[in-house]
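Keeping the supplied structure of chain A fixed, place chain B upon it in accordance with the hints.
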Amino acid sequence: MITGFAALYIFMLAAFTGYEVIGRVPVILHTPLMSGSNFIHGIVLVGAMVALGYAQTDLERVIGFVGVLLGTINVVGGYVVTERMLGMFKKSKPGSGA
Amino acid sequence: MMAQAIQASYLLAAILFIFGLKRMSSPVTARGGITWAGAGMALGILSTFFWPGMHNYGLMVVAIALGAIPSWLSGERVAMTNMPQMVAIYNGMGGGAAAAIAAAELLHGPSADQVTIAVAGLGALIGAVSFSGSVIAFAKLQGLINRSVRFRGQQALNIFVLVAAVVAGAAALPFVKVSTGMVVLFFVLAIVYGVLMTVPIGGADMPVVISLFNAFTGLAVGLEGYVLNNAAMIIAGIVVGASGTLLTQLMAKAMNRSLANVLFSGFGVESGAVATGGVTGSLKPIDASDAAVMMAYASSVIIVPGYGMAVAQAQHKVWELAQALEKHGAHVAFAIHPVAGRMPGHMNVLLAEAGVPYDKIKDIEEINADFAHADVVLVIGANDVVNPIARIDPSSPIYGMPILNADQAKNVIVVKRGRGAGFSGIENMLFYADNTRMLYGDAQDAVSHLIQELKSL
Numbered sequence: 001m002i003t004g005f006a007a008l009y010i011f012m013l014a015a016f017t018g019y020e021v022i023g024r025v026p027v028i029l030h031t032p033l034m035s036g037s038n039f040i041h042g043i044v045l046v047g048a049m050v051a052l053g054y055a056q057t058d059l060e061r062v063i064g065f066v067g068v069l070l071g072t073i074n075v076v077g078g079y080v081v082t083e084r085m086l087g088m089f090k091k092s093k094p095g096s097g098a
Numbered sequence: 001m002m003a004q005a006i007q008a009s010y011l012l013a014a015i016l017f018i019f020g021l022k023r024m025s026s027p028v029t030a031r032g033g034i035t036w037a038g039a040g041m042a043l044g045i046l047s048t049f050f051w052p053g054m055h056n057y058g059l060m061v062v063a064i065a066l067g068a069i070p071s072w073l074s075g076e077r078v079a080m081t082n083m084p085q086m087v088a089i090y091n092g093m094g095g096g097a098a099a100a101i102a103a104a105e106l107l108h109g110p111s112a113d114q115v116t117i118a119v120a121g122l123g124a125l126i127g128a129v130s131f132s133g134s135v136i137a138f139a140k141l142q143g144l145i146n147r148s149v150r151f152r153g154q155q156a157l158n159i160f161v162l163v164a165a166v167v168a169g170a171a172a173l174p175f176v177k178v179s180t181g182m183v184v185l186f187f188v189l190a191i192v193y194g195v196l197m198t199v200p201i202g203g204a205d206m207p208v209v210i211s212l213f214n215a216f217t218g219l220a221v222g223l224e225g226y227v228l229n230n231a232a233m234i235i236a237g238i239v240v241g242a243s244g245t246l247l248t249q250l251m252a253k254a255m256n257r258s259l260a261n262v263l264f265s266g267f268g269v270e271s272g273a274v275a276t277g278g279v280t281g282s283l284k285p286i287d288a289s290d291a292a293v294m295m296a297y298a299s300s301v302i303i304v305p306g307y308g309m310a311v312a313q314a315q316h317k318v319w320e321l322a323q324a325l326e327k328h329g330a331h332v333a334f335a336i337h338p339v340a341g342r343m344p345g346h347m348n349v350l351l352a353e354a355g356v357p358y359d360k361i362k363d364i365e366e367i368n369a370d371f372a373h374a375d376v377v378l379v380i381g382a383n384d385v386v387n388p389i390a391r392i393d394p395s396s397p398i399y400g401m402p403i404l405n406a407d408q409a410k411n412v413i414v415v416k417r418g419r420g421a422g423f424s425g426i427e428n429m430l431f432y433a434d435n436t437r438m439l440y441g442d443a444q445d446a447v448s449h450l451i452q453e454l455k456s457l
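Those protein sequence lines, which keep their order, are chains A and B. Position 44 of the first sequence, counting from 1, maps to 44 under my numbering, and the rest follow consecutively. Position 321 of the second sequence, counting from 1, maps to 321 under my numbering, and the rest follow consecutively.
Hints may contain errors.
[Unchecked claim] 25 angstroms max Cα-Cα, derived PhoX-like pairs, lysine-lysine: (1) A:K90 with B:K22; (2) A:K91 with B:K360; (3) A:K91 with B:K284; (4) B:K362 with A:K91; (5) B:K327 with A:K90; (6) B:K455 with B:K327.
FYI, nobody ran anything at the bench for these hints, they're computed from the structure. From a predicted model like this one, the values you see are computed outputs, not experimental measurements.
Just chain A, same shape as in the assembly (with noise of 0.2 angstroms):
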């Protein structure tokens, strides 16, 4: 169970560690790192899933089930553009006369 100050330290060095890990990205991979955060934060899909799987009325099954169907959007499609823009990053080849 993660409580009081041991979630706040949690938090707070999650923080640090998006903060640093983002500072030292190149203006370049500015869109493609937005959409893959954007997909990383779509692991609420577990919490949707969960929501889903204990839900006991008619009311929690329906929020459960959009839940799970806005965070499966999330993450797919995250994945997706992120992964077609970043394919796309390439070198110059060599002897190319660059």
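For chain B alone, kept in the frame of chain A given last:
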């Protein structure tokens, strides 16, 4: 035992996310980065199926299939120029999912301690605002909403709705009162606030807002992760919340605007008439054959592409031109302003799509000193980002914005559709400079002509 194994897989997923983000910080390893993050996601999702005591597996699989198929197809098909709004819509869906988790928690009744429930409510507010705001951002960039809605008392109304949403949210917390009606009112107000907050913001500022909503969704996911006691959600959410906030600041700074300015005022609206003082000289046209000769004998050419180039779908032609110039012995580089395209890095993606290697693409810090040594600078579809007025005229709306020093080159050729000003409505001093020649025409046609002329030399 199973719960321990699942927690361990979540931990591993969190590590893979951070490792993936780190790999994405260099063009060489970036593609591997998304693969690692994807592996972490797959691990987290698959292990979640094994939580003991869960039901509704049929619904779960149906919801995943219904979400996965259209988003996969749309993601594969979307044009690179439309990437910003796709990121917006996928991000909004994530915010909606976080809000849904919170809704389930609030409606469930007082099952957790008061702090946890309050955190769920806060995440719900942020997630719901991100959801509706992102949908509006998508609609604006997609051209479904063409105008920015502004009216008197707008800020007052927005603040009123936000306060009402917070009050309704507080009243809806289960330890205050278990009330489905109040929960519904809370979500409606939060969604309305997201819409109201986004409608007055113009299309040019939308990338900053999308980035902000990306950070919002991350934060909401992190908060709901706390509610669900899910370390992977906390870490991934907060990492994205923090990095998204930094990225938002970087974007706003590159556009010479504060975040508050983007969110609470329309660009150039308050200034009314735009001063054109300080612009002297005349526009001097050049034809394609003269421009081609000038470039053919240059030893160093810098190309400054702007969004106008992408709109004309001219990036493939521009790369062909660059290769033709290299055959003539010129050294060619592409100079990218942080706000070229629709968001930072967007122009890099568009050039990469056309096959331009990333080591030829330079950002403003890398290349600004080189302009003084360049024989020819070719400006295609860019305007405000090369306007020297940003350096000298404190009354200009773009004063202080970092610009590419194109004016310091020996010769400047500007490819431009017509004589109008940029999106900010500011006259561009560069276009009137003695060393500047204007090559009028559609970017695609003009560059094609240049290539033909170069080949016939």
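Item to check | Numbered hints the structure breaks, given as an ascending list | outcome: Number 3 only.
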